[in-house]
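J.: Okay, here's what each chain looks like letter by letter:
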Amino acid sequence: MAKIGVFVCQCGNNISRTVDTADVAKDASEQSGVVFVEDYKFMCSAPGQEAFKKAIRDHDLDGCIVSACSPKMHEATFRNAAEAAGLNPFKVEIANIREQCSWVHNDKEIGTAKSKDLTHMMIQRVKYNRPLERYRMSMTKRALILGGGIAGIQAALDLANAGTPVTIVEKEPSLGGNMARLSETFPTLDCSQCILTPKMVEVQNHPLITIRAFAELEKLDGYIGNFKATIRQKAKSVIDKDCTGCGDCWEKCPFTVESEFDMNLIKRKVIYIPFPQAVPTVPVIDRANCPKFIKDKCGICADVCGPDCIDFTQEDEILEEEFGAVIVATGFELMPNVYKEYGGSSMPQHLIPKKMNKKQRAAQPRSTSGRLPDVINGLEFERLASASGPTGGEIRRPSDGKKPKTVVFIACVGSRDANKGVEYCSKICCMYTAKHTMLYNHSVHDGKAYVFYMDIRAGGKGYEEFINRAQDEGAEYIRGRVSALRKKGDKILVKGADTLQGCAVDIEADMVVLATAMVPQADAIDFAKTLGISYDKHGFYSEQHPKLMPVDSSTGGIYLAGACQGVKDVPETVAQASAAASKVMQLFSKEELMREPEVAIVDKDHCMNCWDCVTVCPYLAISPEEVKDRDGNVVKMVANVNPGLCQGCGLCNTVCRSKSIELQGYTDQQVYAQITAFEGAFV
Amino acid sequence: MSKGIIRHDFEPKIMGFVCKWCTYSGADLAGTSRMDYSPHVRMVRLPCSGRIDPQFVIKAFEQGADGVIISGCHPGDCHYNEGNYYARRRNLAFRNLMEFNGIDTKRLEFSWISAAEAIKFTQIIDKFTNQVRELGPNEGYRVLLDPYASRLVKSSEESAA
Ligand SMILES: Cc1cc2nc3c(=O)[nH]c(=O)nc-3n(C[C@H](O)[C@H](O)[C@H](O)COP(=O)(O)OP(=O)(O)OC[C@H]3O[C@@H](n4cnc5c(N)ncnc54)[C@H](O)[C@@H]3O)c2cc1C
Ligand code: SF4
Ligand code: SF4
Numbered sequence: 001m002a003k004i005g006v007f008v009c010q011c012g013n014n015i016s017r018t019v020d021t022a023d024v025a026k027d028a029s030e031q032s033g034v035v036f037v038e039d040y041k042f043m044c045s046a047p048g049q050e051a052f053k054k055a056i057r058d059h060d061l062d063g064c065i066v067s068a069c070s071p072k073m074h075e076a077t078f079r080n081a082a083e084a085a086g087l088n089p090f091k092v093e094i095a096n097i098r099e100q101c102s103w104v105h106n107d108k109e110i111g112t113a114k115s116k117d118l119t120h121m122m123i124q125r126v127k128y129n130r131p132l133e134r135y136r137m138s139m140t141k142r143a144l145i146l147g148g149g150i151a152g153i154q155a156a157l158d159l160a161n162a163g164t165p166v167t168i169v170e171k172e173p174s175l176g177g178n179m180a181r182l183s184e185t186f187p188t189l190d191c192s193q194c195i196l197t198p199k200m201v202e203v204q205n206h207p208l209i210t211i212r213a214f215a216e217l218e219k220l221d222g223y224i225g226n227f228k229a230t231i232r233q234k235a236k237s238v239i240d241k242d243c244t245g246c247g248d249c250w251e252k253c254p255f256t257v258e259s260e261f262d263m264n265l266i267k268r269k270v271i272y273i274p275f276p277q278a279v280p281t282v283p284v285i286d287r288a289n290c291p292k293f294i295k296d297k298c299g300i301c302a303d304v305c306g307p308d309c310i311d312f313t314q315e316d317e318i319l320e321e322e323f324g325a326v327i328v329a330t331g332f333e334l335m336p337n338v339y340k341e342y343g344g345s346s347m348p349q350h351l352i353p354k355k356m357n358k359k360q361r362a363a364q365p366r367s368t369s370g371r372l373p374d375v376i377n378g379l380e381f382e383r384l385a386s387a388s389g390p391t392g393g394e395i396r397r398p399s400d401g402k403k404p405k406t407v408v409f410i411a412c413v414g415s416r417d418a419n420k421g422v423e424y425c426s427k428i429c430c431m432y433t434a435k436h437t438m439l440y441n442h443s444v445h446d447g448k449a450y451v452f453y454m455d456i457r458a459g460g461k462g463y464e465e466f467i468n469r470a471q472d473e474g475a476e477y478i479r480g481r482v483s484a485l486r487k488k489g490d491k492i493l494v495k496g497a498d499t500l501q502g503c504a505v506d507i508e509a510d511m512v513v514l515a516t517a518m519v520p521q522a523d524a525i526d527f528a529k530t531l532g533i534s535y536d537k538h539g540f541y542s543e544q545h546p547k548l549m550p551v552d553s554s555t556g557g558i559y560l561a562g563a564c565q566g567v568k569d570v571p572e573t574v575a576q577a578s579a580a581a582s583k584v585m586q587l588f589s590k591e592e593l594m595r596e597p598e599v600a601i602v603d604k605d606h607c608m609n610c611w612d613c614v615t616v617c618p619y620l621a622i623s624p625e626e627v628k629d630r631d632g633n634v635v636k637m638v639a640n641v642n643p644g645l646c647q648g649c650g651l652c653n654t655v656c657r658s659k660s661i662e663l664q665g666y667t668d669q670q671v672y673a674q675i676t677a678f679e680g681a682f683v
Numbered sequence: 001m002s003k004g005i006i007r008h009d010f011e012p013k014i015m016g017f018v019c020k021w022c023t024y025s026g027a028d029l030a031g032t033s034r035m036d037y038s039p040h041v042r043m044v045r046l047p048c049s050g051r052i053d054p055q056f057v058i059k060a061f062e063q064g065a066d067g068v069i070i071s072g073c074h075p076g077d078c079h080y081n082e083g084n085y086y087a088r089r090r091n092l093a094f095r096n097l098m099e100f101n102g103i104d105t106k107r108l109e110f111s112w113i114s115a116a117e118a119i120k121f122t123q124i125i126d127k128f129t130n131q132v133r134e135l136g137p138n139e140g141y142r143v144l145l146d147p148y149a150s151r152l153v154k155s156s157e158e159s160a161a
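Just so you know, the protein sequences line up as chains P and X, in that order. FYI, the numbering for the first sequence is 1 to 683, going by my numbering. FYI, the numbering for the second sequence is 1 to 161, going by my numbering.
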């Protein structure tokens, strides 16, 4: 026989004004199994909770109902109090007679009747509440960071400085990401390399950080606290640990191809580091373009390498490592110039084959932006303006190296127009276009910069001022779109419109810079599937809650940082990276992982292995498990729930036809008990 | 503020099955905003509308409910990503079954109510209450017995013993 206590709260007079709490308590005392009732002014107050605990102890209660405010308010309060008094916290239920009764029904007779009914339902339910234990799980206190751009770098440093071991997996041979390509950064115009490379060096020297450059994540298994990552370390053809980064190999290498880092504006060697300040400084051989691998010729690098670390036979290495948390920081890329009217090629940049014969290569524009060689994108401009770039920081156009006297910048190329690209605003282009006009004016003093824009969006600290400064320094802003770019001699005729003046504008430009939309990495969606996280229709990774959980992904233990989650500039990226790192610290600050026990469990005797639950579970928490007899023979297969992955939605419980899987805390029994107690009495 | 609750000859009994993230929170918001609405509904709080088994609805009708409300997060807003899509499909299939059994499908209300939609919540409750009141008592189903549920849970009288 149950021993249930019912505690009716008056909530000052918030409840008692429209509900006769004494009557509700009296009525509850007449219900089967109820051995104690209390009608009290403030159940949640300290004396109220003491009374609650005392009643549990004195009457040896095995279930409690608190008829009070919403469970969102005080379910946890009373469950904790029960635990302190020696009652399993999951034997406490709340009947919501404030938010869903006294505050919404003014008629006392009716409110009292409904409160009685709600209390009855909970009394019936609690009889079927099983005592539940929170799950305790051990965890691996190491973090995996995917992507070594500024987001990954910042998160790694924050975590490592807090004492957490970190591994960064970066697919390129060096850390740095897109920020390493930038010349100077808005809104202060400090040099990007100068603020980034010290951080890269700090990462390299940090005893708690392992860098896996030129590596990729192949597979991620497990769940929060206990992930198992399969990492492919691509063959560098160079023995990491012996390499001193002296550079003899890449100096002597006789073969060159376009440099991805320099946006194909210049060539790099076939054995290379992407840029001089690369971290790590270990070069890699680009096997697709190395004659040693194509026709077994050359091998000069091996001859000149002092420490003998060139290894042409090296193979990809598959590593399996364990982590407790993952931060995804895989960044963005720029949308290719696919616009015929802007001289674009229809072939997206990442699809242009690396390996080409001479004729094919000659047919390719020097700039990958398109067929008009002097129409470039923002990152190409960054390289032209960068002191360490192909022109040493002098702005010269790609086709003939002349200093462009007139440059037209076109904002919002591909952004804010779902029909022509993406519907969102890429947010940073207004700012970097203003920056580009300044960099241009600082380099070519007699040059003229024009900007075609739709709107100026400069909502940030010091941002509006930055735009004003660009205009003061001579950039001419024209509100309107450009309809076409045409080749005219060695110039480009820009056919635009000025919508403020209401007239057409033709400008003969020496160079055109397109602020193309910021889009997710080409493989972002596939990568999301590897990780098991959700993404939006563009391929940006979705946060758990757009306002209150901006760095949590949809999967526990996986966090997001930087431009992979949405368009961002460096300050925002860094802020998000630090936030993600602090989430991981929070997770790792506990001894063990505690999980609420409201997860599904399987009745292995009755499961008939139809796998309906496996199919329906949104978190892939259920997998088939073997049941063996004493001799170790597999007698049958049953479903098995991983409590680390289960989020407690109960979808499996509903689909299981043999009723073999239950969501603890919301079992069929509990729900039916509630329904059975339903009377629906109006007064 | 008070609209003074009028007593009719017939007051319907209504059971609600709602998810805790959206609709239950929407109802809480109606409470904190002190909105008045019909007092007939008794809600069962579940993690997700995808946890709502059609048999719960049958059991509710059997228990004497004249109407049942099912509600959860809007499509795309499910806390568990996709639970409400299962609820939606189940609702469609279940309606066919109700029709087949000769129960007026107007006795089952299915809606999306977010945690912010307190006004929508009260409007749906009021509208549905009036609708069920007009339909009158749901006699047909009370004689049925769900053997599964009665195996799991004893009736109140039995468990008193
Ligand atoms: C033209 C231009 C100018 C800009 N100017 C400024 C400026 O002046 N000021 C400013 O604040 N911001 C500026 N920005 C924005 C700035 O570049 C970004 O905010 C910043 O680079 C985002 O950093 P991130 O680490 O998120 O991404 P990224 O820099 O893109 O880094 C992502 C890293 O992850 C790696 N990666 C990708 N996929 C994988 C994978 N599957 N596995 C392993 N590694 C992977 C990539 O190789 C890369 O190293 C500019 C952007 C552009 C395009
Ligand atoms: S749905 Fe039920 S019977 Fe089918 S595999 Fe899952 S637990 Fe077993
Ligand atoms: S309750 Fe939901 S998350 Fe947990 S195992 Fe069942 S379907 Fe998966």
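To be clear, the hints were calculated from the coordinates, so they are not data collected in a lab. Don't take every hint at face value.
[As the list claims (entries may be wrong)] For lysine-lysine, the following PhoX-like pairs were computed, each having C-alpha atoms within a straight-line distance of at most 25 Å:
1. P:537 - P:461
2. X:127 - P:108
3. X:154 - P:3
4. P:72 - X:120
5. P:26 - X:154
6. P:659 - P:141
7. P:659 - X:20
8. X:20 - P:547
9. X:120 - P:547
J.: Hinted pair, alpha-carbon criterion (25 Å max): residue 20 (chain X), residue 547 (chain P). Please report holds or violated.
T.: Holds - the C-alpha atoms of residue 547 (chain P) and residue 20 (chain X) are around 19 Å apart, at most 25 Å.
J.: Between residue 659 (chain P) and residue 20 (chain X), is the straight-line Cα distance small enough, at 25 Å or below?
T.: Satisfied, since the Cα-Cα distance of roughly 23 Å is no more than 25 Å.
J.: Residue 26 (chain P) and residue 154 (chain X) were given as a pair; does the straight-line alpha-carbon distance stay at or below 25 Å?
T.: This hinted pair holds, its Cα atoms lying about 23 Å apart.
J.: Next pair to validate is residue 127 (chain X) with residue 108 (chain P); report whether the Cα-Cα distance is within 25 Å.
T.: Roughly 22 Å separates the two Cα atoms, so the pair holds.
J.: Hint check: residue 659 (chain P) vs residue 141 (chain P), CA-CA at most 25 Å. Holds or violated?
T.: violated (38 Å)
J.: Can the restraint linking residue 72 (chain P) and residue 120 (chain X) be considered satisfied, given a maximum Cα separation of 25 Å?
T.: The given pair, whose Cα atoms are some 21 Å apart, holds under the 25 Å limit.
J.: Does residue 3 (chain P) lie within 25 Å of residue 154 (chain X) when you go C-alpha to C-alpha?
T.: holds (17 Å)
J.: Holds or violated: residue 120 (chain X) and residue 547 (chain P), Cα atoms, limit 25 Å.
T.: holds (23 Å)
J.: Has the given pair, residue 537 (chain P) with residue 461 (chain P), been kept, meaning a C-alpha gap of at most 25 Å?
T.: violated (30 Å)
Violated hints, listed in ascending order, are 1 and 6; each of the other numbered hints is respected by the structure.
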